[in-house]
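Student: Keeping their order, the protein sequence lines are chains U and W. Heads up: the first sequence at position 247 corresponds to 247 in my numbering, and the numbers run straight through without jumps. Offset between the second sequence (1-based) and my numbering: plus 457.
If you are wondering where the hints come from, they were derived from the structure by calculation, not from laboratory data. No experiment lies behind these values; they were computed from the predicted model shown. Be aware that one or more of the hints could be misleading.
To be verified - Calculated cross-link-like contacts (lysine-lysine; reagent style DSSO-like; alpha-carbon spacing at most 27 angstroms): (1) Lys851(W) <-> Lys878(W); (2) Lys445(U) <-> Lys902(W); (3) Lys284(U) <-> Lys741(W); (4) Lys842(W) <-> Lys878(W).
Residues per chain are reported as follows:
There are 2 protein chains.
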Amino acid sequence: MSVEAAIARVRDLIGERLSTSPSVRDLHGQNESYFTPVPPDAVAFPHSTEEVSAIVKICNEELCPIVAWGTGTSLEGHAVAFNGGISLDMSEMNRVLEIHAEDMDAVVQPGVTREQLNTELRATGLFFPVDPGANASLGGMAATRASGTTAVRYGTMRENVMALEVVLADGRIIRTGSRARKSSAGYDLTKMMVGSEGTLGIITELTVRLQGQPESITAAVCPFPDMQSAVNTVIQTIQMGVPMARIEIVDPVAIRAVNISGAMSLPEAPHLFVEFHGTEAGAKEQVELFGEIAKEHGCMGFEWSANLEERNRLWHARHNFYYASLKLKPGCRALSTDVCVPISRLAEALLETAEEIAESGMISPIIGHVGDGNFHCGFLIDPAKPEELELAKKLTHSMNRRAIRLGGTVTGEHGVGVGKKRYMEEEHGAAYAVMAEIKRALDPKNILNPGKVVEVN
Amino acid sequence: MSVEAAIARVRDLIGERLSTSPSVRDLHGQNESYFTPVPPDAVAFPHSTEEVSAIVKICNEELCPIVAWGTGTSLEGHAVAFNGGISLDMSEMNRVLEIHAEDMDAVVQPGVTREQLNTELRATGLFFPVDPGANASLGGMAATRASGTTAVRYGTMRENVMALEVVLADGRIIRTGSRARKSSAGYDLTKMMVGSEGTLGIITELTVRLQGQPESITAAVCPFPDMQSAVNTVIQTIQMGVPMARIEIVDPVAIRAVNISGAMSLPEAPHLFVEFHGTEAGAKEQVELFGEIAKEHGCMGFEWSANLEERNRLWHARHNFYYASLKLKPGCRALSTDVCVPISRLAEALLETAEEIAESGMISPIIGHVGDGNFHCGFLIDPAKPEELELAKKLTHSMNRRAIRLGGTVTGEHGVGVGKKRYMEEEHGAAYAVMAEIKRALDPKNILNPGKVVEVN
């Protein structure tokens, strides 16, 4: 029983699709945050559910850790094999298997990315709404319970994954859920797997909900005199029941990054970026109502556009904040973190965080999916200065504890991975032990992404 | 270790709030379907989470089954203690603990009923949308993953329970989820508990999402020449993205029942009962769009009303179908069952079911939350004629197998209880064993509602 034996047996099974080359391994040891890269011992590229099952079975017998890999865009070290073992790269299981336009759902393999799915859906008048920014794989998005800019209207992966095919630790293949819109038939294994970060099973197929392309889409950009006014606008908009498709807060530091990157040219003030979906009349009504609310809260201008190109430019800039922000401090890396609190505590959470960052001297844009009470910091740190990483961790720590204190969660959408694990007990209390009990029941040998989410040893 | 010992110890704990009187026990042995009443050995009326914890702990030590009881309105025998033991009546834990109007959520004890919550919410401009018809307790609704007429717009209990306090089999008290709108912090224990029918834990507190009262509500009643046309209208309405608040199909037998009961006076044809929520202009736009679609499909009339009294009469009649239908066959009982299929298979599922019922000579109204692909039959059976119960079971069996064959589920909202348990393996395949593994991990002595949902012995 050893990792070496597992690798040899998997090589017998899939031949050259098991790689131990340093370059392939290094690529699968990277991450988009501050965690030290650790290459896995080997990388396997399965082509079918049956292959995944056979590989996992071997790993279970040989006590070899196995970590699923989508596109490597997760932010808390989820897909890094810190305990060694095999990285299971799902990118070659990337077919859209079925599109059920009448039922507004699609069945896909886990390596399909969200942009790929939306491209394949173009002719149907339907789209897949969950949009975390990165062109992540749907398997990875389900595993981390991803969401993003449109969750305020269309929900997160939690709401948009209807059914799964999953390979369990012992190689069993199960199907959870169905294409029916609702069910009361037993425990919700789909929701248990969504967000389990590859620690309870490997997702080999997903059925996801689709939405009809709205008749009309309108976007707007509004600067505010201060963050508080922007947040109050958000709260009132949500309470008035305006069905916003997107409502993002962007702080002045983030605006500066966008301006420097050349994507846009905006006043360096707190902004809301918003988008409205509906019928022609419905979207117009939303824009007007939102405009009134924003004005009441001192909005310093309100430009809106139904023009596709301008909208694309706006959301492209929003999606590229992460990379744009790196330009604020040449040579830096970003420690990206997120928390989520009840809307009523959002102003408090945001303002205290902003104040603390300002006092620390750290540079960090603050942006957020504020309609959900979710916001992000991207602490810019010089890799050559360990004290900056320490300061960023200290500020993150403070944000996390504040979120818990305000009745929220230490991560709204990035996930636990290894980065947020230390807060799990504080956030969940006695319930955290129950997560470990479930992990032990389903993966008694702890081979599935060991060390992530829960500790079972 | 015995049930008797458990009862004695619980009596020591809560005194007269533990009852073994035959009338109280009989009341808690009843159910609203065809299952033979079985009184529990005792009924306990806890007043606090700590009491529930202490009682469950005693039951765990004494190997005494414990079955939570809400209002007794479930339909698959969920709350009946078929294996004896203690019925835990939650009706005295019935306080609305917190209303967070800004966050649009409320924290309630499990014995609060949905009507009670909505009464307490009246002054806030908010309402709790899930509406299964019966004035069920919220704890029971969460436990059975209930939904009802408004799920097409606002979701089921799955989407509307944000957080729970739960007592586990060994008496541990845990809190799952939070008041944040979303989270990626670990396994979704909230969703695991919702729909677990008291087999994994006893819900002692719920945080539920609320909705803003719509500015405008409009309802309509439309007769169609046949079921197919009505179903096609539903499919197209959903696909056009019309955000229906309610869309119910009512077959001619159900219409006859409503007419006999005196609630309404409608032509004996298939009907759609619909409701639209929105702004003044938005609801009007929905009505018009729906009207056009209905007309295209041969709708034989389209009366709509924004009048509160008329709407109340309509939904009151809809909610009373169950009791009205009993008037179609004096002295009868109803075997009520539900299935849910993907929308594209709804016409097939409904029409084959209707045909089979007609051929059998059985009387059964068919009504359904068709926007979700969910529909119900209420087989009217004479308790003195066992052959009628057998026939109803045969027809139910056929419906269930048809739903599975069409990619659906044997229950969209009623739950498993004992009535649907025999179909679980067929619906879930290898995943059914995983449910049992979870049950064993969390309730190793099988004291929590034993015999429901899964079999673990």
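Student: If you test the structure against every hint from before, which numbers come out violated?
Tutor: Violated: none.
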